[in-house]
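With the hints as your guide, set chains B, C and D onto chain A.
Chain by chain, the residues:
Protein chains: 4
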Amino acid sequence: MADVGFIGLGAMGAPMAWNLDDAGFDLLVYNRSDDREDPFESAGIETGASPRDVAERVDVVCLIVSNGAAVEAVLEQDDGLLAGLDEGTTVVQMSTIGYDETMAAAEMVSEAGGTFVDAPVSGTVGPAREGTLVGLASGEESAVEDVWPMLEAMCEPVVNCGETGQGTNMKLFINLLLGDAMGAFAEALVFGRKNGLDLDTMQTVVDNGALDCPLFAGKGELIADGDYEPRFPVDYQFKDLSLALDRAGDVGAPLSQTAAARESFSAARAQGHGSEDMTAVIKHLAETADVSLAEE
Amino acid sequence: MADVGFIGLGAMGAPMAWNLDDAGFDLLVYNRSDDREDPFESAGIETGASPRDVAERVDVVCLIVSNGAAVEAVLEQDDGLLAGLDEGTTVVQMSTIGYDETMAAAEMVSEAGGTFVDAPVSGTVGPAREGTLVGLASGEESAVEDVWPMLEAMCEPVVNCGETGQGTNMKLFINLLLGDAMGAFAEALVFGRKNGLDLDTMQTVVDNGALDCPLFAGKGELIADGDYEPRFPVDYQFKDLSLALDRAGDVGAPLSQTAAARESFSAARAQGHGSEDMTAVIKHLAETADVSLAEE
Amino acid sequence: MADVGFIGLGAMGAPMAWNLDDAGFDLLVYNRSDDREDPFESAGIETGASPRDVAERVDVVCLIVSNGAAVEAVLEQDDGLLAGLDEGTTVVQMSTIGYDETMAAAEMVSEAGGTFVDAPVSGTVGPAREGTLVGLASGEESAVEDVWPMLEAMCEPVVNCGETGQGTNMKLFINLLLGDAMGAFAEALVFGRKNGLDLDTMQTVVDNGALDCPLFAGKGELIADGDYEPRFPVDYQFKDLSLALDRAGDVGAPLSQTAAARESFSAARAQGHGSEDMTAVIKHLAETADVSLAEE
Amino acid sequence: MADVGFIGLGAMGAPMAWNLDDAGFDLLVYNRSDDREDPFESAGIETGASPRDVAERVDVVCLIVSNGAAVEAVLEQDDGLLAGLDEGTTVVQMSTIGYDETMAAAEMVSEAGGTFVDAPVSGTVGPAREGTLVGLASGEESAVEDVWPMLEAMCEPVVNCGETGQGTNMKLFINLLLGDAMGAFAEALVFGRKNGLDLDTMQTVVDNGALDCPLFAGKGELIADGDYEPRFPVDYQFKDLSLALDRAGDVGAPLSQTAAARESFSAARAQGHGSEDMTAVIKHLAETADVSLAEE
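Chains as they are written, first to last, in the working numbering: chain A, 677 to 972; chain B, 677 to 972; chain C, 677 to 972; chain D, 677 to 972.
With the rest of the complex left out, here is chain A (with noise of 0.2 Å):
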């Protein structure tokens, strides 16, 4: 009997399941769509018929897809999870969710019988393929230790971030801060623009300063290459922006910067990218200051 399923093998579920297989577990994986099951059918991997059966054949499920709706899909489709957990089964969900989201699937895997795992990891492809994801796990404290060496797989450093729901919470924590930055960034770098700074002279400054940083580093060097290429698109960057405002009108903690980037990535895909990288930001920005980002 294989130790763990993996349910999503996308873009960032794909390297994890790996990482999983690398530390020597032994995988039952399932996707939605079989071309992507290829590779690890080809490795010798086990594959699921279903979400049903993989619940059916192992005592802990990894579930990581696109948002809210894919995860209540996976659970209580036909042949979903739900339908093959027993008691002992424990669902680590790894899906960036909003906080309600995850309060319902905790209900159902417990409601029927089994244990839930809120773990979102933050990071892109690239700490996904190396395994230095940061794992924000969170649940019962005798459930999160069980399934912590298979997040170590996947995640360096994974943190404890409390109780069920308080995973998701940090995950939104970090990606309004990330998607604050990166609007701030875009029109700092506008601003300068117009003002006849150039990318790189900027990018020196930046990276000089005690906001030196792999975010600024990297997107930087992107936007002066003027490489687009999703590594963590706009429509979901405005989708965590999104869920963090909900909550954040939930609890009450009114927040009117993240609230403004919010607009701005919105802005971004009102103009078409919204699946381009999280940087295309700038280019409605630098439209309507109108002010090209390339030197002249």
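Keep in mind that the hints were calculated from the coordinates and are not lab data. Any given hint might turn out to be false.
You can't tell identical chains apart in this list, so a pair holds if it fits in one copy or across any two.
[Stated by the list, open to error] Quick list of in silico lysine to aspartate or glutamate cross-link-like pairs, DMTMM-like style, CA-CA up to 25 Å:
(1) 915 x 777
(2) 915 x 821
(3) 915 x 966
(4) 915 x 963
(5) 915 x 729
Below, chains B, C and D alone, put in the same frame as chain A:
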């Protein structure tokens, strides 16, 4: 005859002047209030009687005071710099002031027969002491070259930003980004606290991700310690965001996140935190959200 | 047999139902808590045992409850509306709910064999009493025509907004504008007070200019009187701005002022003013600016 | 000897001067460019050679020019107002300028021995013609009383706002509210259009509700007609929001919605709509949302 005049021995100016001294430049210092001159006098460094006196006795005068009005005063007052300028004198203006103020100062110096270098610095008291400020030099190529060794005594790196005014624009660029980033960090932390996350765990997540940078690491620790001693006070950050937005309005760069950030710092001032460190922007956000920053 | 069923006898629903009664419609009313039904029973108006009971006994059911979850409950609960629908039944949904919620309700009703009219109303308790609500009707042309006389008993004017969902969009449009306007009025008054202007004089200037309207005249007087009794509470305005921004995000309409307004109402809620009138948005703005609204 | 000098015969000034003439005041007019004086000269009204000439020949001088720099020029230029003032002269400053600019002008006039009345007006060209501007008078009680009849010839009502500077603050208050309201209206209309609502139906809903006012009725019609001829141009509204935010920052009134509104008008300017009517703020919002304002 001394090599360099240095006017303004405040929290930034004093350590910068000492670094010039350490680098072997023969100094002539001046400060409006005498007590700030005393340590220099004790060390055998010459002091001037007035800005005019300084201008009359050296060929290069560095100037770093608190704002545009102070720069104007140093230049135009009776016994001011302009009164003592001759054709060979270069004024290196290092204060953070508005673009229009820089251009007006440049014109005054030029009309008085002198040469103007616009060279604000990025960094706070720590880098000022260590000589690791980022120097943002701009002006006529030959004038910038002439004072480069002096700038290198105080800054590392020194960055050539272009023609007169571009040093100021670069300073506004970087402080705009710092202000936005600080405001965003404060919003994110308040979001997390209101959701029951603790500061330490949030910091761990930030420090292990794409936003790992001296600003968030340093300011996060100060917030966790409840230490709001001014390194760079709210009042200054508010001033710089205001200068940047003025300039952005003039050149036509609409900046909605930055505008929101300015109002957050304005709220911090209105609530009496103007002279505390810029981190104090979090205080009013936390009060508004009715949450304590300390763990309960 | 009664002509019309009416579900939801709250602050808005009760006077609307009375207006239907006054216009000669034979009513069958229902409210979750019986006490709201008592005045109708005393007047000889029939009451239903459940939403299902109402649906079984009339051909047209009007529904106005507090939010989308309540609409869903009325429809889907055991003994809910859907359980009692037959092919001849029309459901006139008049609550303010989100666009997706409206479309989901329409689909449920349609699948149960009924006809759905989306007809929220604009206006508060006063207009509800006087029958001068603005009715925002939408749906299939023939269905809207059939219920038009009932809508006219409660509203003047009734406006045909188009296909199903457009009544809801129109309601979000007007409440977005009302929320933004209220927030802007509050900011302007706080600006004036902080500059030492008094409320009466500011009101005179507003009332004599291009913004002379019932909202500012009425709300200005209430603020001057310190009367924050809820006509339309902060919580509802916050909900409606949130629904509008959700919808705006979905369709791609970036709205930075509206986003800022939502956060102001969020601050009012976080400060404990959620159940006070929407005017209470000024309280936190005034506290932040550290100014009293009353003349000193 | 003429009763009143009038300097500045622009779009606002000219009809105001004619109203003074109609009311029986004996005028002496001056404009920087002669052609604006011609209609007055043709009507037998005296013209001055310079501001100084005007000041020397009358006891009261009204002044309405485009901004603070223009006011400063009229006062301080060679042959300026100050050069011609004597102890009996009152300067009625009616331009919209910043608070600091007003106080500086007041001090200059006072130092030159004259009396200063701060009396900007609210309203556009239509009310200027009809004499229904709202006059926002402030200054020493006796000085305000002395010029009251003149103000009443141009304005209805005239409002006494208090001591010198309060007229200016009131003007900033009302234009802040107008700018915010215009920006909010534009956002609401774009929200509606993006959802497929048509402008006429939205206007009907606005006109029948709590926001029924001349601004929305008038501007809505102009937008529906695609008429962006400047009544009050984007550039002026941007200037006034900037002046208000400057003042708000100085006194400590954080205004997040107003800050967002300013950036919207800034975007309109950056997109080349600065000299169009303030309604043109909607153009860039609609482009960003990728929606046409006209029905399809």
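The hints, checked one at a time:
1. 915 x 777: Both ways: residue 915 and residue 777 sit 13 Å apart in one copy and 19 Å across, limit 25 Å.
2. 915 x 821: neither (30 Å within a copy, 39 Å between copies)
3. 915 x 966: Between copies only: 20 Å across chains, 27 Å inside a chain, cut-off 25 Å.
4. 915 x 963: Close inside one copy (23 Å) and across copies (22 Å); limit 25 Å.
5. 915 x 729: neither (31 Å within a copy, 42 Å between copies)
The structure is inconsistent with the numbered hints 2, 5, although it conforms to all the rest.
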